[in-house]
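2 protein chains.
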Amino acid sequence: MLMGPGPSDAHPRVLKAMSTPLIGHLDPDFVGIMDEVKKMVQQTFLTKNHLTFVVSAPGSAGMETCLVNLLEPGDECIICINGVFGGRMAEIADRCGATVHKVEVEWGKIITPAMVKRALKKCPKPKLLAIVHAETSTGVRQPLEEISDLIHNAGGLLMVDAVTSYCGVELRVDDWNIDAIYTGTQKNLSAPPGLSPVSFSNRAVKVLDNRKTKVQSWFLDMSLVKNYWAGKKRAYHHTAPVSSVYALREALSIVLEEGLENRWKRHQAVHEYMKGQLEGLGFKYLVSKKYRLPNLNAVFLPKGVNEAQLRSTLLHEYNIEVGGGLGAFAGKIWRIGIMGESCTKNHVNSLVGALKELL
Amino acid sequence: MLMGPGPSDAHPRVLKAMSTPLIGHLDPDFVGIMDEVKKMVQQTFLTKNHLTFVVSAPGSAGMETCLVNLLEPGDECIICINGVFGGRMAEIADRCGATVHKVEVEWGKIITPAMVKRALKKCPKPKLLAIVHAETSTGVRQPLEEISDLIHNAGGLLMVDAVTSYCGVELRVDDWNIDAIYTGTQKNLSAPPGLSPVSFSNRAVKVLDNRKTKVQSWFLDMSLVKNYWAGKKRAYHHTAPVSSVYALREALSIVLEEGLENRWKRHQAVHEYMKGQLEGLGFKYLVSKKYRLPNLNAVFLPKGVNEAQLRSTLLHEYNIEVGGGLGAFAGKIWRIGIMGESCTKNHVNSLVGALKELL
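If you're matching them up, the sequences are chains D and P in order. Residue numbering for the first sequence follows this note's numbering, beginning at 1 and increasing consecutively. Residue numbering for the second sequence follows this note's numbering, beginning at 1 and increasing consecutively.
Incorrect hints may have been included.
In this list, chains with the same sequence are indistinguishable; a pair is considered to hold if it fits within one copy or across any two.
Calculated cross-link-like contacts (lysine-lysine; reagent style DSS-like; alpha-carbon spacing at most 25 Å) [said to hold, decoys possible]:
| no. | residue 1 | residue 2 |
| --- | --- | --- |
| 1 | LYS102 | LYS122 |
| 2 | LYS332 | LYS233 |
| 3 | LYS232 | LYS332 |
| 4 | LYS284 | LYS303 |
| 5 | LYS345 | LYS232 |
| 6 | LYS38 | LYS48 |
In short, the hints are calculated from the structure, not lab data.
Could you put the whole structure together from the sequences, leaning on the hints where they help?
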């Protein structure tokens, strides 16, 4: 039972899709599958963006895709950091040769519009602002709409990490005016890890079209990849991971059969079901209620508990995986994921039952 | 029937492995699987290199991994180009800020030691020389040993693209003193596309350790990835594609069960079996016999044949995929792959039988 920060349990239909015999990646039938996947990624991102496709590598490569394509040496950008993944974005932006203005806050807190306003005073014309919608390292759910207005009023782009929010909590790419977004497949989508859906607004496409320098990564260069995924005549770029694309198609179909909003509601409902029981056992949430992700529960353990030992017992004796803390929270918190197929009352009952026995 | 330049048909055991339920990518059991895979990659590369692992993305990302880690801005390198993939290496090396000295020859010919000697006169102290062992765009099998001596005598590293040779034709990383090598999974290994095994010699590791600048790609930065794949305590970097690693393990096991040298012999034997029959039908090989790859047969079609139409009929009526030509050879040649599980007399008989009917 995968109840960590990802991967989550995959649906049997998705696992079965993985074992479908291969076809050529330029076969007209596979091109049709890529088109279907693209359309379903648009539907699940709630966007009409034409430049929507899937990077042939995990979420971290999706992050790098957004940054290396949008930033050029000498550009200024604002990166918001309240956990591991904001820090990673700053690291990559720096490797792009951009000047990085960091908006930093204690892990477990949100970035406020006031903090962004202060950053915009120091850096009034950033090329982009990057922010994490759902911080996998802390369980914070970041409000985006006000910050979206602030960066757009300053003439910059809004780039969002949606790895842990996509298909699990409300996320509206077009309504919220997100210009560049990436996610992963192994969280609320419950497909195997290895691919990263991404989408770029028309504003972002203009920035791509007006680049002065070549993108530093050939593999992630959108001007090349887009002709493979979305060109009128598909041009060979690399070889897409055929089996993983089959699985992604199946996982996206399952999301749309359930209904995107129903899926958001399910994650919230199972979270409510689990929360009281965890608190009853002495667990305490890291994040204040208002900004808490339903699907990634970052909790301090009851006093006196050896977290590593308990986590290991859960894994080896109960076959349940939960995640440990990262960075400053290593050894202090657990990250309990209820994502996609792992988001059921049965999962919660198994975990809580085991904890009752062990504590 | 996949008889193009890749992917090849996957073994049912490999497909079945893809549908194994997921476990966490930091689960001790998965770490054990990574260790097994690493060991089998060493065995199939015929190397003892400690820095041997698998990039979580297709072969093109393996190519980029080698170049971005070994090259820094201002470095000089020699890139050998006799097809698409040499050209791609030069393109990526340029994006690393390196000065690229190209050794170019007509597509379908090999790079000779004499050509490399001339390049070394213009550029006597290159950081590396990069060359393609098996050019997927032309079917050329490139001898490496003399060129290896030349670049090492000049104090540089030998980097090799082995995407289409790995597990299909003789390839000896340690004996041939190859310093950096990458390959793919979807050719003679017959696993699904999406991963890229790579290996670095101790000479290459010294170069990595002495870098003055950060690697421009965070996702492909070996100094980070190595602690995920090979560190004493595994450090989270990205989320490995768990299912694809299962499949890779199974495919590598199948290679070692057959025996690496037996597998090389099988590719040669099936090639001999096919060659005479294709020539009997009026196909002509692009590459001279001495430098012909057994597993990637680049052939001109019999006169007067509409190649695109014939290829489409083969695909739609016989369910057989063969590859078209790339670049200057588009519309002129076919690339017939007999790789891994697609390298059987049955495949050849199906193809030749269909061609006899259609021509």
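Point to revise | Up to 25 Å CA-CA - LYS122 versus LYS102, copy category | key: Classified as within; 11 Å inside a copy, 46 Å across copies.
Practice item. Could you place LYS345 and LYS232 in one of the four classes (within, between, both, neither) given a Cα distance threshold of 25 Å? Key: Neither: 46 Å inside a chain and 37 Å across chains, both beyond 25 Å.
Check your understanding: How would you label the pair LYS284, LYS303 (within, between, both, or neither) given a Cα cut-off of 25 Å?
Key -> Within one copy only: 10 Å inside, 77 Å across.
Review point. Should LYS332 paired with LYS233 be assigned to within, between, both, or neither, using CA atoms and 25 Å as the limit?
Key: Answer is between: at 19 Å across copies they meet the 25 Å cutoff, but 53 Å inside does not.
Check your understanding: Is the C-alpha distance from LYS38 to LYS48 at most 25 Å within one copy, between copies, in both cases, or in neither?
Key -> within (11 Å within a copy, 42 Å between copies)
Review point. Checking LYS232 and LYS332: alpha-carbon separation at most 25 Å within a copy, between copies, both or neither?
Key: Classified as between: cross-chain Cα gap 23 Å, same-chain 52 Å, threshold 25 Å.
Hint violations for this structure: number 5 only, all remaining hints satisfied.
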